[in-house]
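S.K.: Chain residues, written in single-letter form:
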Amino acid sequence: MTSLFDPGLFWRYRSVIVAGAATTLLLGACSVAASFVFGLAGWLLKASKLRALAWVGGAYVEALRNTPDLLYIYGLYFGLVTIGVTFSAFTSAVLALGIQGGAYIAEIIRGAFTAVGHEQRVAARALGLRPWKSLAYVELPQMLRVAFPALGNQVISTLLGTALASVIAVPELTYQSQIIGDSTYQYFSVFSVDAVIYLVLVQVLTRLFHLIDHLWFGPWRGTV
Amino acid sequence: MRGRRRLASVVVVIAVLAAVLVAIDLRQGPVSGQNEEILQKVLRTHVLTVGTISGNPPWSITKPNGELDGYDIAIAKLIGHDLNAKVNFVVTSGAGRIPALQTRKVDLVLAELNYTGPRSLAVAYTQVYSNPISQFLVRASSPYKTIESLNSPAVTLGYALGGNEAQIWPAMLPNAKLQAFTTVADAEQALLSGRVTATGETDILNRELIKAHPGLLRAINPAYIKGFVGIGLPYGDFDWWLWLDRWVAYFNYTGQNQKLWDQYMGGGSPLVP
Chain A
0 MTSLFDPGLF WRYRSVIVAG AATTLLLGAC SVAASFVFGL AGWLLKASKL
50 RALAWVGGAY VEALRNTPDL LYIYGLYFGL VTIGVTFSAF TSAVLALGIQ
100 GGAYIAEIIR GAFTAVGHEQ RVAARALGLR PWKSLAYVEL PQMLRVAFPA
150 LGNQVISTLL GTALASVIAV PELTYQSQII GDSTYQYFSV FSVDAVIYLV
200 LVQVLTRLFH LIDHLWFGPW RGTV
Chain B
0 MRGRRRLASV VVVIAVLAAV LVAIDLRQGP VSGQNEEILQ KVLRTHVLTV
50 GTISGNPPWS ITKPNGELDG YDIAIAKLIG HDLNAKVNFV VTSGAGRIPA
100 LQTRKVDLVL AELNYTGPRS LAVAYTQVYS NPISQFLVRA SSPYKTIESL
150 NSPAVTLGYA LGGNEAQIWP AMLPNAKLQA FTTVADAEQA LLSGRVTATG
200 ETDILNRELI KAHPGLLRAI NPAYIKGFVG IGLPYGDFDW WLWLDRWVAY
250 FNYTGQNQKL WDQYMGGGSP LVP
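Taken in sequence, the protein lines are chains A and B.
Here numbering that gives the first Met the number 0 is used: the first residue of the first sequence is 0, the next is one more, and so on.
Here numbering that gives the first Met the number 0 is used: the first residue of the second sequence is 0, the next is one more, and so on.
Excised from the complex, chain A in its bound form:
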């Protein structure tokens, strides 16, 4: 009869687990990059003066924030094939998580843009700065400072969301753990190892964000 907890499991399956963790990081990084692209596009559309574009941006943000990631993962991987569009499992996961995360990032950017305040733009114009210079030198640094903690949370949320890609057989950490659990029946051991790895990854990311926040925005702390 097998025990529920096997402390030696990590060592025996270390190469599989490490490969899974590496894929999780890669998938997370690509998904975050995609979500920034979609988020920026979503915000630009939503902030557009053209009503049709603003409507498209608004619809994107609302639709994606009110539906689960899993739908998009399944839809992109299994659904698009029926109309002749074939993405690999990895690309499907990156796009699904990127599109979903982009909706949240669009809202974070919108919030940061609103927080900076109109008077800052007026002041920059009064100093003779053109709109793009005002954006680059006055608004964006302040926006980034406001948005940074929320963006950090979104990055972590996307990283943890990569576990959903296991349903379409992306060999990330959760998928590899399921495979190990399936062949050893040591689900508790493998998922506890999983939990510790996710915890460590998120802690490292959190600390990195704190460090960047401290280095970049430390001197401005309390000035908004």
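These are computed hints drawn from the structure, not numbers from a lab.
Computed, partial: chain A to chain B, Cβ under 10 Å:
1) Y76
2) V80
3) T81
4) T85
5) A88
6) Y186
Across the chosen pairs, the derived CB separations fall in these ranges:
7) T90/A with G254/B: 51 to 57 Å
8) P173/B with I82/A: 32 to 38 Å
9) T61/B with L69/A: 17 to 23 Å
10) P173/B with L69/A: 32 to 38 Å
11) Q166/B with V36/A: 41 to 47 Å
12) E147/B with G74/A: 32 to 38 Å
13) L159/A with K144/B: 41 to 47 Å
14) T205/A with R43/B: 47 to 53 Å
15) L214/A with P173/B: 51 to 57 Å
16) V89/B with W219/A: 51 to 57 Å
17) V201/A with V46/B: 38 to 44 Å
Covered stretches of chain A (in silico footprint by chain B; criterion: 3 or more residues with CB under 8 Å from a CB of chain B, positions within the stretch not fixed):
18) 159-168
19) 171-180
Source: prediction; values computed, not measured.
Cβ atoms here follow ideal geometry from the backbone N, Cα and C, with glycine treated the same way.
Given the coordinates of chain A, work out where chain B should sit on it, guided by the hints.
M.R.: Relative to the frame of chain A, chain B by itself:
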């Protein structure tokens, strides 16, 4: 200072997690004398908790009204009747069947659970109540016509976690690649969408799938394995195992099994010599 406190809190979380897992493990052990035996519990509470899977016709399916139906479900209801107990179904995934028994979330599992060597180390079984055969299923347009032809690096075989394919296929088709999916439905979808070359299921499920997707799928004959399906139960409870095993023997020789098999499978015999 704050950084050290945060690090300490992470270490505490990991330590608590490890302690919980060790406690769960210590709780398991030989059950007699530590937990109430299942048979006594069922007779006392008149509730039998049965783990099963859904989406596996005609073994177990969810009807439009949300009720479970199928061959395994009917067997569970018969057991419940004989124990004078209400049957409480817990629907889990294929991969969730074994942990549900290991953690005693369920009293037994009736979910087309085949005997395998590694599985037999994790849970106990009753004697066999059916021997379904399994075949590979490919798309109708697939160039692969025989089992041997699937032994190619160009072939990807899709399967659902929790089955015995990961133990059988690598030895049978060492050159083919394997791709695991969370559920049987996902593996089927992967076949239909061309993500995998073939899947392997019982001839009964394959027949249902071929019927559901006319002209799209084709089974490869002959069967690659004959199954040995028993009722799964937790290790360490001798009385429960003995009662259930005798119950299955009675179920087999009285013809009740054949009757249910005819009703749900449409003929043939549940036990193939």
